[in-house]
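Trainee: Listed in order, the protein sequences are those of chains A and B. For the numbering used here, add 134 to where a residue sits in the first sequence, where the first one is 1. For the numbering used here, add 134 to where a residue sits in the second sequence, where the first one is 1.
Some hints could be false.
Stated by the list, open to error - SDA-like cross-link-like pairs, simulated, lysine to any residue; straight-line CA separation at most 25 Å:
id, chain 1, residue 1, chain 2, residue 2
1, A, K199, B, V351
2, A, K199, B, T311
3, A, K199, B, R301
4, A, K261, A, R311
5, A, K199, B, A164
6, A, K261, A, V312
In short, the hints are calculated from the structure, not lab data.
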Amino acid sequence: MDVEQASDANLVVAVGRWHEPALAEIYRRHGGAVHALSRRMLRSDPLAEEVTQEVFLGLWRNPEKFDAQRGTLRSFLLARTHGKSVDVVRAEESRRRREDRSTRETATAAYDIDREVWDLTVAEQVKDALGALPDDLRRPIELAYFGGRTYQEVAVLLDQPEGTVKSRIRSGLGRLRVNLMERGIEPAGAGL
Amino acid sequence: MSTPAPLSHEEIQELLGAYALDALDPDTAAVVEEHLDGCVRCTAEVAQHHEVAGLLANSGGTPPAQLWDGIASRLGGTSDDSWDRLAARLDVPEPVSTGPHVVPLDPARRRSRLVAAGAGLVAAAAAVVGLVFGVQVDHLHTQVNALQATSRLSAAERAALAEAGTRRIPLADPARTGVTPATIVLTTAGTGFVVNDRSAGLAPLPATRTYQLWAVVGTRTISLGLLGSHPGIVPFSVAGSPGVSAFAITDEVSGGVVQTANQPVAEGTVRV
């Protein structure tokens, strides 16, 4: 098997047969994005490295959890990365609350720093598509996705009703998808 | 936290964006997941949200090489996809029997095959058409079970393989003396695995072909299922068919055949 020529889906099948070069190739293709997302969310190199390792070891142990019918391998890996990072964020939040620091203050400061870093690294079209969203749709998505917060926490941060935030996250993602497609990015085909 | 009240389809739909961004509390997320199990439309919407969210993450550039070293060190082996490594992962002991224990399924067929091989491809093709491998197929698994072909062994299966009495049966290439491209690992309970050394064993077939596994039980030849075009480790069961005397693998059209006219590409007998 020529792993460099293989599709993502075929690489996962090979991983299912304990083919380590296939996992190495998947890491080469998507490890950077996985690591960058976890580092952005966790703002900690050791924690981000641990999450990255867990994501790839998870694929090694349970490759059948990836369903090529449902989406790309990259979005699958990033969803796993996000979920694991959220777990860490919430554990950290819990610790901060115990230390009696203001969640709102921490979140806002982190949000501003994150935007600067993110602006340097993400594709222009994606930036453009996100920038084209009205603030009231964009901010809930950013705070939930990059901040690892529940929509109820986002509602508190933005001082808006929970139901409004819940709806805006969903409609914002739908609008973002349209914006991306208008800029020549087809989300369903990303990462292949 | 108390159990959330049952939610309608519309209420679940409103949560899908937040669910895709992991922005639900665990109890509500569990309710959504239960709904997703039976709702294709909502599952598709979540997949779309995941794709969009994935684009928000940056491309990340080159992943850290030292991080891969850490991952590789936790995989439990080297990158050598050899039988020895596979056997180690399966906890299968080395065979205790000695001496030659791989013989052709049928000496008459073996002679025909050798003659055909010597006479060139045209004669080989003619011989293949003229020979019927398998007297009667009375038990056929024709559907490719994708999970069977691609998933790894469960803990229970590995435990079964470590049982006393588990045997390793080399499958020899009848056309190449001394070459055993694949191995059968068979437990006393009838659970077995075809183990193909993917680097040196059965070669990859075109997408229109598949390897098919057969067992000889008495005078009958039974299909044990399709192995795919480039198998690694594929489980099978002969639990309902005691008394298997031999195994063979043939190269068939995708979808497999009820009975084969092709020569085995690998075969071996079960020593009692």
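Trainee: Take the hints in turn and mark each one as holding or not.
Mentor: Now for the hints, and whether the structure bears them out:
no.	hint	verdict
1	A:K199 x B:V351	violated, 37 Å
2	A:K199 x B:T311	violated, 41 Å
3	A:K199 x B:R301	violated, 31 Å
4	A:K261 x A:R311	holds, 13 Å
5	A:K199 x B:A164	holds, 17 Å
6	A:K261 x A:V312	holds, 14 Å
In summary, the numbered hints that this structure violates are 1, 2, 3.
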